[in-house]
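S.K.: If you read the sequences in order, they're chains A and B. My numbering applies: residue 1 is where the first sequence begins, and numbers increase by one. My numbering applies: residue 1001 is where the second sequence begins, and numbers increase by one.
Note that these hints are calculated values from the structure, not bench results. Even for Gly, the Cβ is constructed at its ideal location relative to N, Cα and C. One should not assume that every hint holds.
Result set (DSSO-like, lysine-lysine): computed pairs, CA atoms no more than 27 Å apart in a straight line [what the hints assert, rightly or not]:
id	chain 1	residue 1	chain 2	residue 2
1	B	K1152	B	K1136
2	B	K1152	B	K1105
3	A	K303	A	K121
4	B	K1152	B	K1169
5	A	K303	B	K1152
6	B	K1048	A	K53
7	A	K303	B	K1048
8	B	K1084	B	K1048
9	B	K1028	B	K1038
Here are some chain B residues the structure puts well away from chain A; computed CB gaps all over 10 Å [as the list claims (entries may be wrong)]:
id	residue
10	W1011
11	L1023
12	T1033
13	A1050
14	K1063
15	F1079
16	D1099
17	E1104
18	E1111
19	F1119
20	L1156
21	G1164
22	V1165
23	Q1166
24	W1168
25	Q1176
Label pairs and their computed distance ranges (CB to CB) [to be verified]:
id	chain 1	residue 1	chain 2	residue 2	range
26	B	V1003	A	V15	38 to 44 Å
27	B	L1023	A	I13	20 to 26 Å
28	B	P1091	A	I55	52 to 58 Å
29	A	R46	B	D1054	32 to 38 Å
30	A	A52	B	L1115	30 to 36 Å
31	A	Q325	B	L1115	19 to 25 Å
32	B	E1036	A	F280	29 to 35 Å
33	A	L95	B	I1118	43 to 49 Å
34	A	P336	B	E1012	19 to 25 Å
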Amino acid sequence: MDWNFIIFSAVKIAVVIGVVQGMVAYAVLAERKISAWIQDRVGPNRTAPPFAKHIPVLGRLLTRLGMFQPLADGLKFMFKEDFTPAGVRKIYFFLAPAIAVIPAMLTVAVIPFGSVLGGQKMVIADLNVGILYTFGIVSLGVYGIVLAGYAANSKFPFLGGIRSSAQMISYEISMGLSVIPVLLIVGNLNLGQIIGWQAQHGWLILYAPLAFVIFLVASFAETNRLPFDLPEAETELVGGYHTEYGSMKFALFFLGEYSNMIASSGMMVTLFFGGWTLPFWGLDHPAATLVSGIIHILIFLVKMAAFIVLFIWVRWMFPRFRYDQLMDLGWRRFLPLALVNILITAIILWMRA
Amino acid sequence: MIVNRKPLTFWERLYLPAIVGGLKVTLKHAYATLFERKVVTMEYPEQKWAVPPDYRGAPYLVKDQEGHTKCVSCQLCEFVCPPKAIRITPPGTAGQPADRTNAEKMPAEFEINMLRCIFCGFCQEVCPEEAIFLQKDYSLVGSSRAEMIYNKEKLLALGGTHAGVQKWKLKLEEAQAQENFPVKS
Chain A
1 MDWNFIIFSA VKIAVVIGVV QGMVAYAVLA ERKISAWIQD RVGPNRTAPP FAKHIPVLGR
61 LLTRLGMFQP LADGLKFMFK EDFTPAGVRK IYFFLAPAIA VIPAMLTVAV IPFGSVLGGQ
121 KMVIADLNVG ILYTFGIVSL GVYGIVLAGY AANSKFPFLG GIRSSAQMIS YEISMGLSVI
181 PVLLIVGNLN LGQIIGWQAQ HGWLILYAPL AFVIFLVASF AETNRLPFDL PEAETELVGG
241 YHTEYGSMKF ALFFLGEYSN MIASSGMMVT LFFGGWTLPF WGLDHPAATL VSGIIHILIF
301 LVKMAAFIVL FIWVRWMFPR FRYDQLMDLG WRRFLPLALV NILITAIILW MRA
Chain B
1001 MIVNRKPLTF WERLYLPAIV GGLKVTLKHA YATLFERKVV TMEYPEQKWA VPPDYRGAPY
1061 LVKDQEGHTK CVSCQLCEFV CPPKAIRITP PGTAGQPADR TNAEKMPAEF EINMLRCIFC
1121 GFCQEVCPEE AIFLQKDYSL VGSSRAEMIY NKEKLLALGG THAGVQKWKL KLEEAQAQEN
1181 FPVKS
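Produce the complete structure using the sequences and hints provided.
M.R.: Next comes the structure, spelled out in structure tokens:
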């Protein structure tokens, strides 16, 4: 066994999970703040620990920005009573939140979040079949929600679970098919090498814009974000699949949803927007020094943050789709479109070859 | 009634113009909130509504221009108060005299239970001395029931001054004028 590999992997896993959790917390804050701005409000701007007011300018600024709000939210979830309703199927009820979170966390493992830092590749698992792994794991995500809907033993979660199973399976197909042109162009399933190809030839959004659009819409559907948030449609299903959940178990669903969002942002950045590279200032080849390694990680994080903001922005703009419209869009629009896209890409590549 | 809906054009059916339009609207609002400060939120404890002039807030006792207690402890407000929020302790025969000349007496203690008060304004209406007024306070806060019973000092301190007719001073001046009336012989 290579101890070096184990230790470095453990450190990377710990850091990545920590960063993703932190990003989830602050994505929730961003969600609240951006929604407030869009709706002409100010958003959370009061929560602060007692010492914050003793810091001259920064304390007030951070309080106004709501930077301490996620801490308060987290504490609230921790200290709430963990209530289990009488009628639930206990084992599945406890299992469902875990199953919702774990796939979301696992997806992050193959995404290269930086080039090289101190001789270490900045990816937890440099798989040769990175994309296949991602799709395999993402498709597990639906079980958490379906199980939650089943275990709660109540009609609204049940409807939410059913909706989610149909929705996620439908959109997974278009999502998978939309990536195939990318794979055809690059000729490799390793995400690190897809980024390397983009560094040489330019970002894949220029080669496969339609694939990107389909992937984007499908990832909205996969993460249950607003135009497609039918599994938890508040106005129709109370809380959807998590109606019967409270305290930390509910927080885990929340965490899963936002981790999914972060993971799919990471996937989109990796597949279509050149990952950690930038086409200028020589930032497109693996880092030689520590500083440029850190800069690469920062570039990746900024690109990802931009996508998270897009997710949030779209959420506060769109009304929810009707269920039949959702299915219609998935099966009768995006699926043929993705197939045609594959065909056209293949033909062009064949003509060129 | 039948509403004729025009069939959507191909461009409209693409759904893209609606998306772009939506993004534009939300972006405009976010921009206005962030950079032009067009916020509808009122940040309450720091900013407050302008209270209308005839607003009926909490009843407080007022002093006259010279800083004397106007209340003469007649107890009319105590009798008229529908929720029995007011309790007046009269000075009694051996009590402290009124702090202004010619006024008969002033209350030894004047308590309003703000938890009972319904801000009806009957006390203000019935007061013959213009000594109690419903003022503009609407957020009364206390951490105990006892704290919400406002006593005389507190009511006078909160009430401030009311520059009205100084009835007893006028009576005093009249009396003095009578005394000094030059009698023609």
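S.K.: Against each hint, give a clear statement of whether it holds in the structure.
M.R.: Hints, verified against the model:
no.: 1; hint: B:K1152 / B:K1136; in the structure: holds (18 Å)
no.: 2; hint: B:K1152 / B:K1105; in the structure: holds (15 Å)
no.: 3; hint: A:K303 / A:K121; in the structure: holds (19 Å)
no.: 4; hint: B:K1152 / B:K1169; in the structure: holds (23 Å)
no.: 5; hint: A:K303 / B:K1152; in the structure: violated (65 Å)
no.: 6; hint: B:K1048 / A:K53; in the structure: holds (23 Å)
no.: 7; hint: A:K303 / B:K1048; in the structure: violated (42 Å)
no.: 8; hint: B:K1084 / B:K1048; in the structure: violated (30 Å)
no.: 9; hint: B:K1028 / B:K1038; in the structure: holds (11 Å)
no.: 10; hint: W1011; in the structure: holds (15 Å)
no.: 11; hint: L1023; in the structure: violated (6 Å)
no.: 12; hint: T1033; in the structure: violated (4 Å)
no.: 13; hint: A1050; in the structure: holds (20 Å)
no.: 14; hint: K1063; in the structure: holds (37 Å)
no.: 15; hint: F1079; in the structure: holds (45 Å)
no.: 16; hint: D1099; in the structure: holds (44 Å)
no.: 17; hint: E1104; in the structure: holds (52 Å)
no.: 18; hint: E1111; in the structure: holds (35 Å)
no.: 19; hint: F1119; in the structure: holds (29 Å)
no.: 20; hint: L1156; in the structure: holds (34 Å)
no.: 21; hint: G1164; in the structure: holds (42 Å)
no.: 22; hint: V1165; in the structure: holds (47 Å)
no.: 23; hint: Q1166; in the structure: holds (47 Å)
no.: 24; hint: W1168; in the structure: holds (50 Å)
no.: 25; hint: Q1176; in the structure: holds (60 Å)
no.: 26; hint: B:V1003 / A:V15: 38 to 44 Å; in the structure: violated (59 Å)
no.: 27; hint: B:L1023 / A:I13: 20 to 26 Å; in the structure: violated (37 Å)
no.: 28; hint: B:P1091 / A:I55: 52 to 58 Å; in the structure: holds (55 Å)
no.: 29; hint: A:R46 / B:D1054: 32 to 38 Å; in the structure: holds (33 Å)
no.: 30; hint: A:A52 / B:L1115: 30 to 36 Å; in the structure: holds (34 Å)
no.: 31; hint: A:Q325 / B:L1115: 19 to 25 Å; in the structure: violated (55 Å)
no.: 32; hint: B:E1036 / A:F280: 29 to 35 Å; in the structure: holds (34 Å)
no.: 33; hint: A:L95 / B:I1118: 43 to 49 Å; in the structure: violated (55 Å)
no.: 34; hint: A:P336 / B:E1012: 19 to 25 Å; in the structure: holds (20 Å)
When each numbered hint is compared with the structure, violations occur for hints 5, 7, 8, 11, 12, 26, 27, 31, 33.
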